[in-house]
Amino acid sequence: MVFDRREFLKASASGLVVAGTGSALSMAASAADSTLGPAALPAGALQSSVLEALPGKVALIKKSYRPPNFETPVRYFNEPFTSNDAFFVRYHLAGIPKVDAAAWRLSVGGEAAEKPFELTLDQLRREFQAVEVAAVCQCSGNRRGLSDPHVPGVEWGYGAMGNANWKGVRLKDVLARAGLKKEALEIVFDGADGPVFDKTPDFVKSVPVWKATDENTILAYEMNGEALPHWNGYPVRVIVPGWTATYWMKHLISVRAVSEPYKGFWMEKAYRIPKGKFALVDRFISQETDANTPITEMVVNSLFTNLYEGSVLPAGKPAVLRGIAWDGGYGIRAVEVSIDGGASWRPADLGMDLGRFSWRQWTYALPEPKPGNYAVMAKATNRIGASQAFELVFNPPGYHNNVVQRINVKVA
Amino acid sequence: MEKFLLAVLIAAAPALADESMVKLADGDGKQVVEANCVTCHSLDYIPMNSVFLDRKGWDATVTKMIKAMGAPIRNEDVPVIVDYLVRYYGKP
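These protein sequence lines map, in sequence, to chains D and A. Counting from 1, position 391 in the first sequence corresponds to residue 399 in the working numbering; the numbering is continuous, with no gaps. Counting from 1, position 57 in the second sequence corresponds to residue 354 in the working numbering; the numbering is continuous, with no gaps.
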């Protein structure tokens, strides 16, 4: 969707008033999306955010320069897939190499593998069957900025996520070549990026061997038909559909099978959720403690993509509300919309099913909106009956925010 | 991993040109904060995390930088840093 700067300036000068058709609602979306995030973000987070373009990217919302953390303005989520140049960027550590494809090697081994080996990028592409999976990539802490009370960390709004068609090889095929020993418990991923100081723990993650050998877990070398952008993990990254992006190791260089639970800061201390507070099917048992468990599947969630706090819709003219819904891979069964602050709900129309790990677009038609103020809400339910929360399940790291959105709009 | 790093064309990311646009509030301790924090990350992490952390919150954050992230901050600089963060980026 092309963003016309002159139209934006005109529309914002007129106070976000929409005149005309549903497409004008998109223009209002462009205008309203000039904000750098929802008003509920910490004031300092809004003040220190700027629209800035990393090399190869369109202008995204800068949360931090170094390491780069940039989120995607919501209007880009009106497309079924998020274009590579608009895809969000997230790094923990500032030592980010520019990987040379010819020199890149993937090391596959570990003490729970029979036959360690190395692959060039060419070998990875040629020697294993290519598969594709459409999957949402979402930061565990997406919407952390909306936590109440606020918690420290990267103060994301809605945009630390994106949907892409990922092409690569099955991790299970690569591991089969290495030969997993009976005692293989976890598969450890390491990327070429790393800390500036040697005392800072490197970003290394593990997944249970059953998740690693799931047919949907892939090592991707293409995203939406192109090579991965540098900032999204060139040349190869891990894709763990349904699980949060912390496991989706970028700039992958090492895959190791281990027979003991991997110990490292980013597994043991970070990315942990309290046990029993979130409905989960996928549990990372080998990493559980009495107190907590690693974050795994995404929680069911939805987002308005063409409507914002304060949007104004023209009275009597048909309008179409748009949004997306997604979950940890069970599929979206329904999205319901309320325009009276939750008193009554009606089903939205679900768009094309692009696969259970992709988000599902939805629309809700307002054929003849009457003048007034409306509290508009959307609630998704997935195929195993999980639905969004109406109240935040607070946790200090700020994970799993799937509170039903409530947006105040006006028809005038 | 080290072997591979030698073989690959590595450029540790230089500070983006615009990082210099991030200006912290003037005040006692600002230089100590800048000198210590900027080694690992841009300074915008500080204003991003404001203004909702109280003294306990900023203290825990600085402690995490030292204990979990290995930041080489001298003991005598810790109270200077925490005082500055509380005063200029802390919950009013």
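Bear in mind the hints are in silico, worked out from the structure with no lab data behind them. Hints should not be assumed to be uniformly reliable.
Claimed, not checked - Partial pick of chain A residues on the chain D-facing surface, computed with a CB cut under 7 Å:
id: 1; residue: His338
id: 2; residue: Pro344
id: 3; residue: Met345
id: 4; residue: Asn346
id: 5; residue: Val383
Note that beta-carbon positions come from the ideal geometry of N, C-alpha and C, so glycine has one too.
Consistency of the hints with the structure:
{"no.": "1", "hint": "His338", "result": "holds, 6 Å"}
{"no.": "2", "hint": "Pro344", "result": "holds, 4 Å"}
{"no.": "3", "hint": "Met345", "result": "holds, 5 Å"}
{"no.": "4", "hint": "Asn346", "result": "holds, 5 Å"}
{"no.": "5", "hint": "Val383", "result": "violated, 13 Å"}
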